[in-house]
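A.B. asks: When you get a sec, could you build the whole thing from the sequences and use the hints?
As a plain string of letters, each chain reads:
Protein chains: 2
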Amino acid sequence: MGGTGPQGKGLGYRFARHGHDVVVGSRAADKADTVAAEIRERLEGVEGAGRVSGAANADACADADVVLLAVPWDGHDELVASLPLAGKTVVSCVNPLAFDKRGAHGAVIDGGEGSAAEHAARLAPEATVVGAFHNVSAVLLWGDEEFLDEDVLCVGDSDEGKEVAMELARAVTGRSGVSAGKLRLARVLEPMTAVLISINRKYKVNSGIRITGLDHGEA
Amino acid sequence: MGGTGPQGKGLGYRFARHGHDVVVGSRAADKADTVAAEIRERLEGVEGAGRVSGAANADACADADVVLLAVPWDGHDELVASLPLAGKTVVSCVNPLAFDKRGAHGAVIDGGEGSAAEHAARLAPEATVVGAFHNVSAVLLWGDEEFLDEDVLCVGDSDEGKEVAMELARAVTGRSGVSAGKLRLARVLEPMTAVLISINRKYKVNSGIRITGLDHGEA
Chain A
-17 MGGTGPQGKG LGYRFARHGH DVVVGSRAAD KADTVAAEIR ERLEGVEGAG RVSGAANADA
43 CADADVVLLA VPWDGHDELV ASLPLAGKTV VSCVNPLAFD KRGAHGAVID GGEGSAAEHA
103 ARLAPEATVV GAFHNVSAVL LWGDEEFLDE DVLCVGDSDE GKEVAMELAR AVTGRSGVSA
163 GKLRLARVLE PMTAVLISIN RKYKVNSGIR ITGLDHGEA
Chain B
-17 MGGTGPQGKG LGYRFARHGH DVVVGSRAAD KADTVAAEIR ERLEGVEGAG RVSGAANADA
43 CADADVVLLA VPWDGHDELV ASLPLAGKTV VSCVNPLAFD KRGAHGAVID GGEGSAAEHA
103 ARLAPEATVV GAFHNVSAVL LWGDEEFLDE DVLCVGDSDE GKEVAMELAR AVTGRSGVSA
163 GKLRLARVLE PMTAVLISIN RKYKVNSGIR ITGLDHGEA
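Here the protein sequences come in this chain order: A and B.
Heads up: the first sequence at position 142 corresponds to 124 in my numbering, and the numbers run straight through without jumps.
Heads up: the second sequence at position 53 corresponds to 35 in my numbering, and the numbers run straight through without jumps.
Worth flagging that the hints you see were computed from the coordinates, not collected in a lab.
There may be inaccurate statements among the hints.
Identical chains share a label here; the pair holds if one copy fits it or two copies do between them.
[What the hints assert, rightly or not] Straight-line Cα separation of at most 35 Å, DSBU-like style, residue types lysine-lysine; simulated pairs:
#, residue 1, residue 2
1, Lys83, Lys186
2, Lys186, Lys13
3, Lys83, Lys164
4, Lys186, Lys164
5, Lys13, Lys184
6, Lys184, Lys164
7, Lys184, Lys83
8, Lys13, Lys83
C.D. replies: Okay, here's the thing in structure tokens:
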């Protein structure tokens, strides 16, 4: 998985905690190693945890079945184009946001007809690209709750790809992610994070989204 | 309130059920009368219900403090420009959606830098425009549950205006709506309805959104 920021680190921790082997990727391998060590430290004593290591981005991808893109939008396209993604399931949780005095909002991508996830799909045509984990609080991911009280919305044009993300979501929420439509709906999920950031600032909380009306293993 | 479609009818019913007087608006006064009669029928025996009547759109607005825009995006601008909205709080729940073989998605407005709510604000500069109630299922609004198990996200540039919508939300969910940022974030809430429609189709449900991490009077 690519990304040593709070979102990538938090998701890597959650995935490893539930048995997935994780290779943290970064431009600089030593940065990735540092984050991997932080995650391993938090996993001490967790039975059944996966192995966690660090590597330069391309090396981190090389042996992975699933690549999580948790990278900044700035530089996204160059980075994605440089990675060996063919044949892999690529999960994008990239949130192209902009900030000004009025708060967070979605960056306008391709005149409103694009998203980071769609960019990844175009740049890695032999990968199966899915959008998921956009709206999960990095603070809560790194926190102590066993599971986060929210849903992971998964969008994609491949049902198989979506199912990979929906299964991964179990490590975060304790239940399957929600199949939420085609990849282009990442145009909504990505800037939805700006709405949650606005709520967080207003109420001093770490908010998340739950989908009501579903019965998919909720308490 | 303007709109005799399922969203407008359902919201009118919920508002009246909790004591708000409602004037249903439509292009044709007799269509509005018919919908008002349907709502009154459902309110029979409900103590403390508000009065419900019908009128042509402009007449429906004339004496209202709060105007709910629950109208199609097609023709939205002409209609809004024709209404006497100065000095009023205008709540837009308009969802500009498009549908094709791949399902529902957001219509692209102003190259990704606009929304129905922002259009309303521009067309009615002396009104206080808020976006809210976009993601509430019309089926559930017209259904039998006392309250809907979801949150009403309210966006706007006026805190006073947002509070009007947040209070109105109590009639729908039993608790205050959620202050979710500036009006431009309607660019996210409007097409979020396409995500819920996709979930509804996939799981055969009537889905809604709840914000987790908040403590605002939840059970």
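A.B. asks: Which hint numbers doesn't this structure obey?
C.D. replies: none
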